[in-house]
Amino acid sequence: DTEVTQTPKHLVMGMTNKKSLKCEQHMGHRAMYWYKQKAKKPPELMFVYSYEKLSINESVPSRFSPECPNSSLLNLHLHALQPEDSALYLCASSQVEVGTAFFGQGTRLTVV
Amino acid sequence: AQSVTQLGSHVSVSEGALVLLRCNYSSSVPPYLFWYVQYPNQGLQLLLKYTSAATLVKGINGFEAEFKKSETSFHLTKPSAHMSDAAEYFCAVSDRSGGGADGLTFGKGTHLIIQP
Numbered sequence: 001d002t003e004v005t006q007t008p009k010h011l012v013m014g015m016t017n018k019k020s021l022k023c024e025q026h027m028g029h030r031a032m033y034w035y036k037q038k039a040k041k042p043p044e045l046m047f048v049y050s051y052e053k054l055s056i057n058e059s060v061p062s063r064f065s066p067e068c069p070n071s072s073l074l075n076l077h078l079h080a081l082q083p084e085d086s087a088l089y090l091c092a093s094s095q096v097e098v099g100t101a102f103f104g105q106g107t108r109l110t111v112v
Numbered sequence: 113a114q115s116v117t118q119l120g121s122h123v124s125v126s127e128g129a130l131v132l133l134r135c136n137y138s139s140s141v142p143p144y145l146f147w148y149v150q151y152p153n154q155g156l157q158l159l160l161k162y163t164s165a166a167t168l169v170k171g172i173n174g175f176e177a178e179f180k181k182s183e184t185s186f187h188l189t190k191p192s193a194h195m196s197d198a199a200e201y202f203c204a205v206s207d208r209s210g211g212g213a214d215g216l217t218f219g220k221g222t223h224l225i226i227q228p
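Chains L and X supply the protein sequences, listed in that same order. Per our numbering, the very first residue in the first sequence carries number 1; after that it's consecutive. Per our numbering, the very first residue in the second sequence carries number 113; after that it's consecutive.
What the hints contain is simulated information worked out from the structure, not anything from laboratory work. Just so you know, these numbers come straight off a predicted model, no measurement behind them. Even for Gly, the Cβ is constructed at its ideal location relative to N, Cα and C. It is possible that some hints are incorrect.
[Said to hold, decoys possible] Taking lysine-lysine pairs in the DSS-like style, the calculated list, with each CA pair at most 30 Å apart, reads: (1) L:Lys40 to X:Lys170; (2) L:Lys9 to X:Lys220; (3) L:Lys9 to L:Lys40; (4) X:Lys180 to L:Lys9; (5) L:Lys19 to L:Lys38; (6) L:Lys9 to L:Lys19; (7) L:Lys41 to X:Lys220; (8) X:Lys181 to L:Lys19; (9) L:Lys36 to X:Lys170; (10) X:Lys180 to L:Lys22; (11) L:Lys53 to X:Lys180; (12) X:Lys181 to L:Lys9; (13) L:Lys41 to X:Lys181.
[As the list claims (entries may be wrong)] Derived contacts from chain X toward chain L, CB cut-off under 7 Å, selection only: (14) Lys161; (15) Ser164; (16) Ala199; (17) Phe202; (18) Gly215; (19) Phe218; (20) Lys220.
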């Protein structure tokens, strides 16, 4: 199984809503990542979890709150987002030491 | 800090012609280099990677890339383009200098167009 599964595939939320994005992998990877990708741009790293601990936060606003409840799951909690936060949110996983990242299909988020 | 530069935001080739997508890297330590492909409204799929073993790396779908330290390059090639190769291609680097997972830094991407 070389799959990273993200749910939901599409999400529309209002600026006062609270929602969560979910990511799951069963490859035994102990590093998991959140990336944000705007249209026609490359992915930008948001967070890195290594052995279920947050190791990198790329100065992401606090309205994005990551959580890694166990070695297979990664969540991204969203609250009070702005329209400019609309983007494709990609989850990835890798072995900590080797670093070849496998990506999910992404969640297309629209903030209205 | 590491970075990659992809030359050409758009590349157009005829079906059956050689594909060449350019990537140059900047890194203070020996880098790990990757090429990913992204089809519309999808995630990223790994094409190939360089991790300091063989300098000529073969990937999926007939793609290959050669690591040239003297030129700080990692260009992606395919001998004969197919219509299904039309997609966005990203070069990425990870220097692993921290000894652990540090995420990838991506180039701006090259949109590959295949002319029939």
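Consistency of the hints with the structure:
1. L:Lys40 to X:Lys170: holds, 27 Å
2. L:Lys9 to X:Lys220: holds, 24 Å
3. L:Lys9 to L:Lys40: holds, 19 Å
4. X:Lys180 to L:Lys9: The hint is violated at about 39 Å.
5. L:Lys19 to L:Lys38: holds, 19 Å
6. L:Lys9 to L:Lys19: OK: Lys9 (chain L) and Lys19 (chain L) at ~13 Å, within 30 Å.
7. L:Lys41 to X:Lys220: Distance of about 6 Å is within 30 Å: holds.
8. X:Lys181 to L:Lys19: violated, 46 Å
9. L:Lys36 to X:Lys170: With Cα atoms ~29 Å apart, Lys36 (chain L) and Lys170 (chain X) stay inside 30 Å; holds.
10. X:Lys180 to L:Lys22: Between Lys180 (chain X) and Lys22 (chain L) the Cα gap is close to 39 Å, so the pair fails against 30 Å, i.e. violated.
11. L:Lys53 to X:Lys180: Violated, at about 36 Å.
12. X:Lys181 to L:Lys9: violated, 40 Å
13. L:Lys41 to X:Lys181: holds, 27 Å
14. Lys161: Check passed: Cβ of Lys161 (chain X) comes within 6 Å of chain L, closer than 7 Å.
15. Ser164: Violated, because the Cβ-Cβ distance from Ser164 (chain X) to chain L comes to roughly 12 Å (cut-off 7 Å).
16. Ala199: Violated. Min distance 13 Å.
17. Phe202: holds, 6 Å
18. Gly215: holds, 4 Å
19. Phe218: Result: holds, 4 Å to nearest chain L Cβ.
20. Lys220: holds, 6 Å
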